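Trainee: Protein sequence lines, in the order shown, are assigned to chains W and L.
By UniProt numbering, the letter at position 141 of the first sequence is numbered 141, and the numbering carries on one by one without gaps.
By UniProt numbering, the letter at position 49 of the second sequence is numbered 49, and the numbering carries on one by one without gaps.
It is worth saying that the hints were derived from the structure and are not from the lab.
Note that the structure is predicted; figures quoted are calculated from it, not measured.
Please note that a few of the clues may not be correct.
[Unchecked claim] One side of the interface only, derived from the structure: several residues of chain L facing chain W at Cβ under 8 Å:
| id | residue |
| --- | --- |
| 1 | Asn-178 |
| 2 | Ala-188 |
| 3 | Gly-189 |
Ideal Cβ positions, reconstructed from N, Cα and C, are used throughout, including at glycine.
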Amino acid sequence: MTESLTTQSLLLDRITHRYGSSLAVDDVTLDITGGELVALLGPSGCGKTTLLRIIAGFINQGEGSVIIGGKAIDHLPPHRRTIGIVFQNYALFPHMTVADNVAYGLAARGTDRATQSARVGEMLDLVKLSAMADRYPRQLSGGQQQRIALARALAVRPSILLLDEPFAALDKNLRLDMQIEIKRIQRMAGTTTIIVTHDQEEALSMADRVAVLSHGRLEQFAAATEVYDKPQSYFVNTFVGASNVLTGKLMDVNGMEGTVSLPGGGQWQGQLVGALNRGAMVRICIRPEHLAFSADADALPGKIEIGLPLGATIVHEVRLTGGASLKVAGPRAMGALALPPGSDIAVKPAISGAVRIYPEI
Amino acid sequence: MRSAPVTAYDLKLALPLAGFFALFFVAPLLILILVSFYTDTSLTQFGLAQYARFLLDPFSLSVLVSTLWLGVKVTLLCLLLGFPLAWTFVRSPRLAQGVLMLIIVLPLLTSVVVRTFAWIVILGRQGIVNNLLLSLGLADTPLRLLYTDGGVVVALAQVQMPLMVLPLITALSRIDPNLRDASSALGAGAWRSFVKVILPLTLPGIMAGCLLTFAAAITAFITQSLVGGGQMLFMPMYLYQQSSTLSNWPFAAAISIIFLVAVLGAVTLFNLLGRLSRGYAQG
Ligand SMILES: Nc1ncnc2c1ncn2[C@@H]1O[C@H](COP(=O)(O)OP(=O)(O)OP(=O)(O)O)[C@@H](O)[C@H]1O
Ligand SMILES: [Mg+2]
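With the hints as constraints, model all of the structure from the sequences given.
Mentor: So, in structure tokens, the structure goes:
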């Protein structure tokens, strides 16, 4: 039996893939450490599934190389790659019992029956579905099918585990349970795992590192907190988490710092992302929780449009005198009410470095 | 629950159809059964003489067996050629599928007589196959292809092919393509994936295709007679001779009933096999 108990690193080296003439994956390089859980995050059609199918060997990439544990595996067909995959629709074999589904990969590898059934028992215990061994997939709920698909993929001890939007079909509570479950199982097995999702909360909460894709390109690959706090592109900044966007003109450049004049008057300091020249038109992003009401001279004046007390936080929608609209979020003190609509206020960044400056388009 | 409205229709609406069936299917069948129990051609005496005559006559029995055997051979040939065709169809791009589908159903759009004569032209002594063999030097004298068992099987297989291929296409295209990928990711090679996943899930289509082809092949009077010629006798022609040429109605009726029972028996046996394998396929 080919078992890979040691954790394996996975390197995607400059992968490019086209369907006909349309570019689905564009020069993606990902260096994933053994045992890591990485989330592939991106909007629909950005190439997430394509990338997974390239790793699994279902499609041959146009350019680049897939390297597992230091060895290029591009020449290997899927059944020689020892990669476990859980499909979005689970793809359980409908004509086989749960036990036979889980045993399938072991049988394909010529494992003897005694070992097979021991391993199946072990896997079903792991996903807590031992009682379902003799059922058929159609007799299981969506969440149970999902766990069987996971057990089936893990039974052969794959070196890499790929999960394509595994929670998309589950309701919210079950989804949270399964996220925790998968993370627990992944930790225990030490399997290098890639989980595809377009749910950013899922990506941020589960993954050691998050790879953000857009139009087939890798926008950023970093720890979840870093992706949120220091987005490396305008796309990442607006796609991950909520963001206020303003346009302005870059007045002054000082290393990686810049000063932007805003259309309604006032100037804000921010972090430059990418090379920008003085006088350029720029877009600036700031997250709602990084804005605060202030009486300082550089705060931008405006009026409250509406205030929403959301339990632990209060979100105010502010219309600036300059015309732009901003969201301001902050913690809500005990008994605090939202400011009434129409109140005159002024806002400015509460934290230095929270303003990020990107080139205009 | 969704099926409830279907049965909620007034049963009276089915009466015309029921009447049609009673008049043109059940009544003739009853008459047929009745006639088969006369011992003489003038229909005066009841008895089992006609059945005894058939079942004790080696010649009659050999006609029955060779007819059923012909059905089996045609069905197997259709399955053997039809499966790759259906497989190719399912895996082809849309545009090619359109062309392939036209080719597949073309036999249904032309008359059986026309298709059969085409086979006579192809298989004849001066036919396309013989001309080709002679000009390639693969044969010195024209081969006898027409009026042979092989000729009948091939011609029938071509004529009945759509009946096999269409159910197979339906079954194959219902299979989630991810299942094949899942199988290969789990370490199964192409052959194992086919045997363990694709084939079991295609069984209902294979069953349907085989039943249709078998039933059509054993009753294909025109093709059997024209391509088979006078040397080979199958049940439909035997029946025809007894009724039309010899006017032996009771014997012809008995032949029909025996043929009917034999076919029903074969189909039941086949269904039973299918039920078993479907049990394996779906629990
Ligand atoms: N078989 C195919 N032939 C042609 N184009 C394809 C094929 N599969 C995907 N594409 C295209 O490639 C791009 C990337 O597709 P992919 O399925 O990888 O996206 P995705 O990120 O998984 O999206 P989603 O979140 O909707 O699943 C899309 O623009 C899609 O239309
Ligand atoms: Mg996808």
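Trainee: Report holds or violated for the interface hint on Ala-188 of chain L, using the least CB-CB distance to chain W and a cut-off of 8 Å.
Mentor: holds (4 Å)
Trainee: Does the nearest C-beta of chain W fall within a distance shorter than 8 Å of the C-beta of Gly-189 of chain L?
Mentor: holds (5 Å)
Trainee: Does Asn-178 of chain L pass the interface check with chain W, least Cβ-Cβ distance below 8 Å?
Mentor: holds (4 Å)
In this structure, every one of the numbered hints holds.
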